[in-house]
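Novice: Got chain A; can you put chain B on it based on the hints?
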Amino acid sequence: MTPDDLLASLFPKKHAVVAGPHNTLSGTATLDDDQTVEVLGITGGTPLSPEIAIQLAGRVLEIINSGSKTPIVFLLDTASQRMTRRDEMLGLNEYLAHLAKVIVLAGTIGHRTVGILYGTAAAGAFIATALATQTLITVDGALPSVMDLPSIARVTKLPLEVLQQKAETTPIFSPGVPALAATGAVFETWPSDRTDFPERLKSILTTNDGQTDLRDRLGEKRGGRKVARDIAQRVAMAFSQVDR
Amino acid sequence: MIPEEIIHQPSWYESSARARIVGLLDTDTFAEILGPADRVMSPHLDLFDLPPAFDDGMIIGRGKLAGRAVAVAAQEGQFMGGTFAEVSGAKLVGLLRAVTAAVGTASAVTSVLLLLDTGGVRLQEANAGEMAVSEIIRAVLDTRRAGVPVIALIGGRAGAFGGGGIVTACCSHVVISEQGRISVTGPEVIETNQGAEEFDSRDRALVWRITGGRSRVLLGGADSYVKGDIAGFREMAIRVHNTVPAFSPETMMMEQDRLKKRLEFYGDCTDTPEIWSRAGLSDPDKIYEIDDDAFLALLSQKGSRS
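Residue numbers (the numbering used here), protein chains in the order written: chain A, 1 to 244; chain B, 1001 to 1306.
If you're looking for bench data, these hints aren't it; they were derived computationally from the structure.
For each residue, glycine too, the CB sits at the ideal point set by N, CA and C.
Don't take every hint at face value.
Claimed, not checked - Pulled from the structure, derived: some chain A residues nowhere near chain B, Cβ distances all over 10 Å:
1. A8
2. S9
3. P12
4. K13
5. V18
6. T28
7. T36
8. T43
9. T70
10. F126
11. E161
12. T183
13. I204
14. D209
15. V235
Said to hold, decoys possible - Derived list of chain B stretches under chain A, where covered just means 3 residues or more per stretch with a C-beta under 8 Å from a C-beta of chain A:
16. 1191-1197
17. 1265-1277
Excised from the complex, chain A in its bound form (with noise of 0.2 Å):
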């Protein structure tokens, strides 16, 4: 899908979201009932480098500085990290962190975050990106990722072939979208058809504040991560109850 064809599809009424430096995008959009909300992306599948984080970061800031409480979408399509020298050598963790961090800050003050992956997006471009908004969303195109299967094959040393058998039995590895929708990384996906778009994403900007973290409760339910969200709630009754 392209990015018009999404933003026509999200926004019929009206939208001004246009192309930024570094294959980014950005402006604003109106809904059916006249709310206006924040649109930000990466187009073209375009590994995510520092400058594109500190621009979309810098954007961020801004819409935090607005003082406004305007919901804010992520329209995505990027890759991997972009993998350079220069660029681990400048600190491209603080700068994926940065990004990450700026998202996550907008939600916690009140702009509702949500995420459209209509693209690639892998490994830590994936975290800084789609899985810092509070709601992340899937439509057609979408592929999200930690690492391709020849990759991990690379890694593993396993053969690629023992590898597709194994993810034919689990959705805890394999790339796409609906291994990682059963960890509970994808909140919904949404049908190829696209009519009620405008419906569905004004339902999620008003069911739900996004202030608490449900992804280990959705991976528990949907059966692709069976323990993390039992794990993590022990801890946290053990922890009131040590010796101090």
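Specialist: Frame of chain A; chain B shown alone:
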């Protein structure tokens, strides 16, 4: 013969995660939560015919640091590379959420110490590990927002790579030793993807110049530099305790400015000595050769982070 002062100063790099915790905290104050006796193990390693560990390589609990209650979590880099996985990740998420919930109660702590030692997400449980990293980031930031500092201590064999590098930069304060390394994509993976001319992972000096503790603290990716013994990490953890920035719009504006300027000033550099030279440090090539005392003296002259 080994000099006596070295015998009495166990190295952070050489120690196990449990030994680091014991040496870091006040004597006999560590109380582990979901320890080996509870046998909370990875349910996924069996699929790969890999042996699990009774603690899944994540040791968590509470204790005291200079008499103050703290929460502590340590990754064991020698088990599965200290990786974030379903169980190891959930233990840390649970600890951070508990710390946030305990603010203002009798079980409150004054800070969280994160002894990261990790290659990143455990690929055998890639999706669960990725989710754990994301949940840890949110939980770290919630903890900071609730007024409890989260302090990262980096000096283990596995470094802080992948999601571990991102988690590190989400903490309130980062303490590092010369042996500590922080990065996202590891040199081997960059070399595999982009070729040895982009990053020659066998060039150890180059790897250290790009990812190592001295470069990180000079550039601002770490806040404090310590000698590599456990006592040094303990002293620094006590010293930075509660002196660190809140997670607020003001802090993030300053971060935006700092990181933007770094790109403007040094974005075209290709190796770290170029950066040090441009930053006005004398003898930029010597930075990796001088001993820790000389490096600490250089740091105190240089002053604020760039």
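Novice: Next, verify each hint and record whether it holds.
Specialist: Hints versus structure:
1. A8: Given a closest Cβ separation of 30 Å, the condition holds.
2. S9: holds (27 Å)
3. P12: Non-interface label stands for P12 of chain A: nearest chain B Cβ at 32 Å, farther than 10 Å.
4. K13: At about 31 Å from chain B, K13 of chain A clears the 10 Å cut-off, so the statement holds.
5. V18: With a cut-off of 10 Å, V18 of chain A remains clear of chain B, as the shortest Cβ separation is near 22 Å.
6. T28: Per Cβ check, T28 of chain A is outside 10 Å of chain B; nearest 20 Å; holds.
7. T36: At about 20 Å from chain B, T36 of chain A clears the 10 Å cut-off, so the statement holds.
8. T43: Non-interface label stands for T43 of chain A: nearest chain B Cβ at 21 Å, farther than 10 Å.
9. T70: holds (15 Å)
10. F126: At roughly 7 Å from the nearest Cβ of chain B, F126 of chain A sits no farther out than 10 Å, so the non-interface label is violated.
11. E161: holds (15 Å)
12. T183: violated (5 Å)
13. I204: Consistent with the label, I204 of chain A stays out of reach of chain B, its closest Cβ about 18 Å off (over 10 Å).
14. D209: Holds, since 14 Å exceeds 10 Å.
15. V235: violated (3 Å)
16. 1191-1197: holds (count 3)
17. 1265-1277: holds (count 7)
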